[in-house]
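Chemist: Could you build all of it, start to finish, from the sequences and the hints given here?
Chains as they are written, first to last, in this note's numbering: chain E, 98 to 459; chain S, 14 to 472.
Please note that a few of the clues may not be correct.
For lysine to any residue, the following SDA-like pairs were computed, each having C-alpha atoms within a straight-line distance of at most 20 Å [to be verified]:
| no. | chain 1 | residue 1 | chain 2 | residue 2 |
| --- | --- | --- | --- | --- |
| 1 | E | Lys257 | S | Asp37 |
| 2 | E | Lys153 | E | Glu133 |
| 3 | E | Lys246 | S | Lys144 |
| 4 | S | Lys367 | S | Gln355 |
| 5 | S | Lys232 | E | Glu314 |
| 6 | E | Lys246 | S | Leu130 |
It is worth saying that the hints were derived from the structure and are not from the lab.
Residue-level listing of the chains:
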Amino acid sequence: MHITTNTKDLQHLLEIISKISTKHITLPILQCVLLEVKNNILIIKATNLEIGIEGKLSVTQEEEGVIAVPAQILLQTINLITQQTITLTSEGDVLHVESQTSKTEIKSIPVDDFPNIPQVTGEAAHITGKVFALGIKTTANTASQSSIKPELGSIYIHQKKEHSLTFVATDSFRLMEKTIPQKNFILNDSILIPYKNALELARVVEDEDDVELYINENQCALVTKQIYITSRLISGTFPDYEQIIPKEYKTTITLLTKDLAHALKKTNIFLNKFMQLTVTISGGTFTLSAQSGEAGATTEAIAANVDGDDVTLNFNQRYVAEVVPHIYDESILIKCAGVGRPMVIQNVHDTSLRYLVMPMNK
Amino acid sequence: MSSISNISTSILHTEQIDVKQLWDDALVSIELSITGANFKTWFRDTHIVALEDGTVTLGVPSVFVRDWVSDKFQSLILKTLRELSPHARSVEYVVVQRNDKRHEVSKKQTVNAALPLEEYYINKSDNLNPKYIFDSFVVGPFNELANAAARTVVNKPGIAYNPLFIYGKTGHGKTHLIQAVGNQLKRVGKKVFYVTSERFTVDYMNSLQNGTANSFKDKYRQYDVLIMDDVQFLMNKEKTQEELFHLFNAMHDNNKQIVFSSDVHPALMSNMEARLQSRFAQGMIVDIPQPDIESRGAILKSKAAQNTLTLSDDVVDHLSNTIEGNIRELEGALNTILCQSQLLGRTLTLDEVKLLIKNSTRPRKSLAVSDVVDKVARYFDIEPASIYEKTRRKEVVKPRQLIMYILREDFQVSYPAIGQKLGGRDHTTVIHSCEKIKREIKEDTELEEEISQIRMLLK
Numbered sequence: 098m099h100i101t102t103n104t105k106d107l108q109h110l111l112e113i114i115s116k117i118s119t120k121h122i123t124l125p126i127l128q129c130v131l132l133e134v135k136n137n138i139l140i141i142k143a144t145n146l147e148i149g150i151e152g153k154l155s156v157t158q159e160e161e162g163v164i165a166v167p168a169q170i171l172l173q174t175i176n177l178i179t180q181q182t183i184t185l186t187s188e189g190d191v192l193h194v195e196s197q198t199s200k201t202e203i204k205s206i207p208v209d210d211f212p213n214i215p216q217v218t219g220e221a222a223h224i225t226g227k228v229f230a231l232g233i234k235t236t237a238n239t240a241s242q243s244s245i246k247p248e249l250g251s252i253y254i255h256q257k258k259e260h261s262l263t264f265v266a267t268d269s270f271r272l273m274e275k276t277i278p279q280k281n282f283i284l285n286d287s288i289l290i291p292y293k294n295a296l297e298l299a300r301v302v303e304d305e306d307d308v309e310l311y312i313n314e315n316q317c318a319l320v321t322k323q324i325y326i327t328s329r330l331i332s333g334t335f336p337d338y339e340q341i342i343p344k345e346y347k348t349t350i351t352l353l354t355k356d357l358a359h360a361l362k363k364t365n366i367f368l369n370k371f372m373q374l375t376v377t378i379s380g381g382t383f384t385l386s387a388q389s390g391e392a393g394a395t396t397e398a399i400a401a402n403v404d405g406d407d408v409t410l411n412f413n414q415r416y417v418a419e420v421v422p423h424i425y426d427e428s429i430l431i432k433c434a435g436v437g438r439p440m441v442i443q444n445v446h447d448t449s450l451r452y453l454v455m456p457m458n459k
Numbered sequence: 014m015s016s017i018s019n020i021s022t023s024i025l026h027t028e029q030i031d032v033k034q035l036w037d038d039a040l041v042s043i044e045l046s047i048t049g050a051n052f053k054t055w056f057r058d059t060h061i062v063a064l065e066d067g068t069v070t071l072g073v074p075s076v077f078v079r080d081w082v083s084d085k086f087q088s089l090i091l092k093t094l095r096e097l098s099p100h101a102r103s104v105e106y107v108v109v110q111r112n113d114k115r116h117e118v119s120k121k122q123t124v125n126a127a128l129p130l131e132e133y134y135i136n137k138s139d140n141l142n143p144k145y146i147f148d149s150f151v152v153g154p155f156n157e158l159a160n161a162a163a164r165t166v167v168n169k170p171g172i173a174y175n176p177l178f179i180y181g182k183t184g185h186g187k188t189h190l191i192q193a194v195g196n197q198l199k200r201v202g203k204k205v206f207y208v209t210s211e212r213f214t215v216d217y218m219n220s221l222q223n224g225t226a227n228s229f230k231d232k233y234r235q236y237d238v239l240i241m242d243d244v245q246f247l248m249n250k251e252k253t254q255e256e257l258f259h260l261f262n263a264m265h266d267n268n269k270q271i272v273f274s275s276d277v278h279p280a281l282m283s284n285m286e287a288r289l290q291s292r293f294a295q296g297m298i299v300d301i302p303q304p305d306i307e308s309r310g311a312i313l314k315s316k317a318a319q320n321t322l323t324l325s326d327d328v329v330d331h332l333s334n335t336i337e338g339n340i341r342e343l344e345g346a347l348n349t350i351l352c353q354s355q356l357l358g359r360t361l362t363l364d365e366v367k368l369l370i371k372n373s374t375r376p377r378k379s380l381a382v383s384d385v386v387d388k389v390a391r392y393f394d395i396e397p398a399s400i401y402e403k404t405r406r407k408e409v410v411k412p413r414q415l416i417m418y419i420l421r422e423d424f425q426v427s428y429p430a431i432g433q434k435l436g437g438r439d440h441t442t443v444i445h446s447c448e449k450i451k452r453e454i455k456e457d458t459e460l461e462e463e464i465s466q467i468r469m470l471l472k
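Modeler: This is the structure:
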């Protein structure tokens with residue numbers, strides 16, 4: 098292999114792709130990127146066996162070929178090269194990285210060990226990368242971190258209404274639902290993407306407008322102008338979550354988003370080890386309080402429009418606070434269904450987001 | 014029937030043991046021939062899915078593994094398998110994710126309450142929730158007929174009552190019953206599909222938009238049993254109604270069972286095509302009315318037993334007395350009690366339950382006493398003013414006592430307050446009245462009926 102290319106372009110592409118290659122103690126090949134040159138195109142591949150990614154770049158080719166080198170070593174080297182063009186040459190088991198002033202030799206790993214990247218084919222659906230990424234980024238944090246139930250460690254993507262896609266994730270303590278517009282898009286079957294994989298997909302498409310989406314039984318793939326990324330899908334079923342969203346509420350509270358964010362900052366100082374946040378609705382006032390044995394206690398009354406019964410509920414503060422950055426409205430709407438039932442948080446006007454959080458047992 | 018299925022499961026069982034043993038032995042030998050790292054990465058979570066005519070089908074956890082193993086280890090696997098089992102001639106691979114781990118998880122008590130997700134896993138291929146079966150369906154006088162009709166359908170699908178149309182108010186157990194029919198028929202090998210009318214509409218719209226109307230038709234026509242929930246939502250949707258009409262005819266002609274549920278009688282559905290309405294009525298129409306008090310008690314006990322919660326008879330009585338009609342409300346109350354008793358680690362007393370229910374599930378409405386008086390007086394057709402008077406005429410005494418009882422039981426007004434509001438009576442008079450009604454209610458069904466009618470008025 099022998100190619101010459103623009104350093105910045107290579108660096109940019111390598112940055113995206115090398116994030117997928119991981120430090121793998123047992124299989125050193127997974128730390129590598131595979132460089133493949135053919136017909137004046139350089140294809141860079143990486144995989145961690147969960148995700149496979151490929152990027153294309155036009156290069157000036159002297160000789161075609163394939164080589165696998167550790168991703169981080171290559172990236173760090175190229176990051177430090179200041180010249181505009183760069184030449185990559187393979188010789189035996191060594192990759193030469195050369196610019197006008199620098200010369201580097203990187204040891205390669207046999208390419209035979211590099212896993213196949215599954216190619217998902219079929220009919221492409223066109224989606225808007227930016228909003229697709231927003232759907233993922235809004236819900237990913239709510240997915241379960243545990244691997245016991247793979248479907249809860251995933252983002253559930255389904256089509257509830259036409260021209261939209263709904264993303265849902267839950268760790269069984271709280272649930273986030275985000276609906277994004279997708280014009281003229283039809284998803285026949287719902288899919289489950291492991292949340293970590295989904296975040297990588299989001300990272301690749303977050304600045305893109307038109308992205309192709311391919312889905313088959315076990316894999317899904319997103320394709321941009323430069324990148325092909327594929328993730329495995331989870332084959333389980335996601336619970337019929339609509340059933341757990343309360344149909345009737347006893348108390349509704351409307352308040353300014355910034356007031357809530359402010360109050361949460363204060364209670365954050367005085368959380369106990371369970372991160373217990375007490376929400377009190379009494380006689381039309383809305384109060385947040387926290388108390389810890391070591392630090393002391395704090396109470397913050399927030400100006401709010403309260404309608405309905407009095408109630409006192411305890412929450413894990415982290416669960417409540419996590420939704421705030423995703424609220425884009427000036428005002429926030431909180432709905433309580435009573436003791437031991439989930440509380441719902443959403444925007445006042447924008448109905449694209451719904452967040453459910455269960456109270457603590459005491 | 015049962016003996017045949019027993020035999021076939023036992024055969025399956027021994028085969029499973031054999032292939033498991035075969036693969037375990039193979040793994041031991043494979044482990045010795047490759048590096049530990051390779052073995053761990055590529056052979057973890059693999060298993061033999063099937064062994065048929067010398068072809069071993071190997072389940073692997075992902076596409077990556079499938080490609081890799083079939084590329085690099087094909088000959089090793091085949092060689093190893095052949096040494097162990099002379100039948101093995103070839104190996105194929107499928108991606109199978111095993112979710113066996115789920116069953117090993119014990120419900121551990123966490124600080125944070127969890128969403129009851131466990132109950133809402135539905136089977137993707139037929140949309141049935143495995144939780145809804147006949148065994149957990151409580152039969153009482155109110156739903157006897159519906160239950161009998163459903164069981165007849167299960168015994169003679171497509172022939173007995175086709176379609177079976179079940180209607181009743183929300184929370185009376187329609188969905189449970191029709192899904193139980195589905196789950197039961199699934200067990201005898203029928204292809205069942207459960208769909209809400211809303212989903213059906215969306216599916217149909219999508220197929221029109223996609224230009225795949227034909228595959229939509231084929232999809233629904235392949236089932237032996239179609240169960241459609243909440244058909245009342247099809248009102249005003251002409252195109253979807255037409256599609257359902259054709260689907261209905263196709264299925265009915267082939268003796269395929271159809272089950273509908275709705276919250277109203279088909280004759281009362283407005284904006285529903287007459288030809289569809291008449292077809293709804295063609296088989297059997299049954300109503301699930303509001304559960305009576307004994308059935309409510311039985312339902313509570315059954316639900317409590319499912320949740321391994323013990324309820325004393327007092328508590329059951331109180332709950333079935335105060336929460337009427339909707340079974341979902343009963344469930345809600347029960348969940349609250351369950352939650353609280355888990356927390357305290359003991360069974361709750363009647364008073365604690367009363368307090369809980371008061372706070373969480375009773376729709377508490379702040380009604381003025383005078384409102385209650387007015388409505389009850391109107392019900393008995395007497396002057397509201399006479400309630401406040403010191404008269405002891407019989408036609409006034411009974412309504413007055415009823416008012417006291419209702420104020421106490423439903424609105425938790427204190428005894429002295431009731432006495433004072435109703436013309437300055439002593440609180441012991443009020444207690445006496447409440448106790449009297451409570452006693453009589455147990456024997457006098459007419460009185461019970463009156464009270465439930467009054468409660469309806471107050472809603």
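Chemist: Hinted pair, alpha-carbon criterion (20 Å max): E:Lys246, S:Leu130. Please report holds or violated.
Modeler: holds, 12 Å
Chemist: Check the hint pairing E:Lys257 with S:Asp37 against an upper bound of 20 Å on the C-alpha distance.
Modeler: The hint is violated at about 44 Å.
Chemist: Is E:Lys246 within 20 Å of S:Lys144, Cα to Cα?
Modeler: Holds, at roughly 19 Å.
Chemist: Could you grab the alpha-carbon distance between E:Lys153 and E:Glu133 and see if it respects the 20 Å cut-off?
Modeler: holds, 10 Å
Chemist: Need the status of pair S:Lys367, S:Gln355: alpha-carbon distance at most 20 Å?
Modeler: holds, 17 Å
Chemist: Holds or violated: S:Lys232 and E:Glu314, Cα atoms, limit 20 Å.
Modeler: holds, 18 Å
When held up to the earlier numbered hints, the structure conflicts with hint 1 and nothing else.
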